[in-house]
Amino acid sequence: MAKFIDSIKGFVKEKILQKAHVREKIESDYVLETRDLGITFGGLKAAQNVNIKIKKNQIYGLIGPNGAGKTTIFNLLTGVYKPTSGTFYLNGEELKGLSQEVINQKGIARTFQNIRLFNNMTVVRNVMVGLHNNPEFKCNELVSILRLPQHFKVEKTMRQRAKDLLKIFDLEDERNNLACNLPYGKQRKLEIARALATNPKLLLLDEPAAGMNPNETEDLVKTIKYIRDNFDMTILLIEHDMKFVSGLCDEITVLNFGTVLAEGDTKTALSDPEVIKAYIGG
Amino acid sequence: MDFLITLVNGLSLGGIYAMIALGYTMVYGIAKMLNFAHGDIIMVGGYTILLFIPVNPVLAIVAAIVFCVIVGITVEKFAYKPLRGASPLAVLITAIGVSTLLQSLAQVIFGSAPKIQQINLGALQLGELKIEISTIITLVCSVIVMLALHLFVKYTKVGRAMVAVSEDKGAAQLMGINVNFIIMITFAIGSALAAIAGLFYFLKVQTMTTTFGALPGIKAFTAAVIGGIGSIPGAMVGGLLLGVVESICLSIPAISAYTDAIEFSILIIILLVKPTGLLGKKRREKV
Amino acid sequence: MSKFVNGLKKVKWKNYINYTAIAIVTIVFGALSLAGGLPSSTIYLLEKIAISIILAVSLSLVVGFLGELSLGHAGFMCVGAYLGGKVAAMLAKTALGGVGDGILVLIIALVVGGICAGACGFIVGLPALRLKGDYLAIVTLAFGEIVKVIFQNSSTESFGGPIGLTTPRFDKKYLFIIGFLMVLATLAVLQNFIKSKHGRAITAIRDNEIAARAMGINVTKYKLIGFIIAAIFAGFAGVIFSYSQSTISSATFDYNYSIEILVMVVLGGMGSINGSIISATLITFLNVQLQNVLKGDLAILKDLIYALILILIVIYNNAPKLKRFRDKYSIDNIIKMLSKRKHDPARTRDDAARWDVVPTKISMDEVLSTDIVVDDTGDNSADVGERGGSE
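Residue numbers (the numbering used here), protein chains in the order written: chain A, 1 to 282; chain B, 1 to 287; chain C, 1 to 391.
FYI, nobody ran anything at the bench for these hints, they're computed from the structure.
Here are the simulated DMTMM-like cross-link-like pairs (lysine to aspartate or glutamate), alpha carbons at most 25 Å apart as the crow flies: (1) C:Lys221 to A:Glu141; (2) C:Lys221 to A:Glu101; (3) A:Lys167 to A:Asp219; (4) B:Lys115 to C:Asp254; (5) C:Lys221 to A:Glu155; (6) B:Lys281 to C:Glu209; (7) C:Lys195 to A:Glu174; (8) A:Lys55 to A:Asp241; (9) A:Lys106 to C:Glu209; (10) C:Lys221 to C:Glu209; (11) A:Lys138 to C:Glu209; (12) B:Lys274 to C:Glu209; (13) C:Lys14 to A:Glu155.
Which residues of chain A face chain C? A partial, calculated answer using Cβ under 8 Å: (14) Phe118; (15) Ser144; (16) Arg147.
Output of the computed footprint for chain B on chain C, the stretches with three or more beta carbons under 8 Å from beta carbons of chain B: (17) 122-132; (18) 253-262; (19) 305-311; (20) 318-325.
Even for Gly, the Cβ is constructed at its ideal location relative to N, Cα and C.
Taking the hints into account, I'd like the entire structure generated from these sequences.
This is the structure:
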């Protein structure tokens, strides 16, 4: 009987901890550390035993052929999918099993491969949605409905912050256009700006250079470096453009069929014969 | 024994619901719209039967089917086709408009007083069991109709084209399928089923009003959603299930007044457990 | 003083035009009514309009801004009408009934009706977290019907059952003024809510739920808040409706009534509060006037005309071909054609030749329908075979 009560107590405690988002903490020198992270869909092992360790202020690349499981890793890290094995830590805090919203609030922000902007909203408002959970801009529903001074203050500072962010991406002049009316390259940039607005510790970029012309890509490299340096940011990105990856990433992990093929320093990993084989075939 | 009668009655009512639900579900699967005017096609069928039944019962059924198909295709052509590619909400509102239009047209033509026509086909005595013949006919016919539809969809060219269009309209078009024609056929089949359902429902209630189709329409819509809207077997299962539940509820005096509420509660519970209905396809947005 | 004037100048009057218009209507008709110069038919029309506006504006929060299709708005109204009406009828007999010609009772009824409807909004909001599009629509419809059946089968002493509930009385001269004051309150709350960071979060959920989640927006909370607020105001409308009728029967609040409210929202333009106000006013006016004009044999034509107008407006506004036609032959284009300016490539704006624009617009349609891409196995689907061949 006592055992039964204990088990119930344990269950309740676990639930309460889950609710309060208090997670197991470990000592970790890494911003992101995944341990044997994996997921299976039915019988298909979309990702397995993925171990990625990203140090602070690193730009880390995740590459691999089509269908290697790169976006799946992103979906695992952002809570879209729940991992079926392994776990991951952000600055030593376990985030496995949390919902997308909470993971974002804990400090992982992402962009999407197929752009997902709030199309019927203006550019500046898109960024302001990103600022929503910032503790600086706390303002509950009642304050907004009653239009207390705090509401106006928050709105004003929020807008200003959004404009500042847009300035970095040269989008300030577009701020009152609808997001869907932006050209493709600018939409990608806006997505990064919006993700950055959530004040993350780790930024996940899913093919940020896809569909950009060489000039825009070059521009993007500068912007990403700027973000790393000025926002004290750690970045994990997926990209197919090898020139882009080798010019930008400090370290990479190469995935194929959901497993890690090679990892480490960009140059070394890219010259790994296994990697070349996976890419060129043979 | 009583329970057996209840069950047979329920299955027969469920057959009617299933036939109407098939119309909803096929149109939804292929044109991706909720055809709120579907219930009123039943009403059109009912009035046609009422008009022709003094002449000849068989002629009445044929006339009802033909007329309903004509009305269905006309509605599709003039009200829904111009809106293809527009927002589903706009189509939904148009369907609501068509529903009101058909009802008020019927009111203009037939007046608002209910018309009663007694049709008694007698009852069958099987030992202690006494079952209305109309119930048996309904049950048998609905099973035949559903089987025929199943075979049609599975084994004919047009049927397979319908499945293809419901999977992916664009790809079907690229494969040389005339999507407009398929949608028209879908509406025609749905309307024909509604006409047959109208006949059986009329046999059951024997009273004709302009809102004749509203109640079975909404019940069948519920049935279609319970089974998973867009799924043909789902509509059949949902219809039969709803019919049996209704029949059982009505047979228990304590809860008979709450039949509708119970049915709708079952719908909500099923959807909460299985958000796309019993046999609906799981669809997930790709991230 | 000059500070005050400056403050007034700073106010963006454009944002307050709807308040102003409704305030003027209230004052003008209110004065006329107090002077005894309004026929009862006009008062009836005004009451109806006030109720319609509250319903349409509150529903537009759910449909237009949250992007969820609700077919059960009349159900919330029904809860408000019955519970608010019952409380008022009970209190009217007590000492409270005398206070301020029953205005206190009216306020209590509003509070009770609003809270009860809001609680129902919470209950209906829960499935909204799991269901999408048409599936949610049918659940809201089912909710409305369940509420209807429950009140229909209530005992005669409690809610009147099939006979209907005998509702409290209030001086007809004032009732519509209170209705319009409630309209103003509805506008203030909803507009302030929508034009705040919370409203922005709600619109973000409508536009792209996945992205909103990824931005840390608490989707659960905002969906529930949206449903609750909408339900509360529907409850208010119900209480006023309850006061405006001598008896209410639950058959009034069937799904056809919900659909009528939805029609107002959609015709007014999704996500436009002012549009909802205008279309609610016009549709109610049209309905009542058609009823007045078409007497006797012609009465049956009312629905026919209404339905035809509805279909034509929707097709005119939404048909893709007509849209293209309108764009092609819009006044601007005709002027351009008439002026016969030759097309000059050098003068083409940059964005006219945007090769890189990829249509990514996830429109309202997609949000409202369940028709989304089937995802079998994440991004690892069928690429295995493709990789097999060497290049």
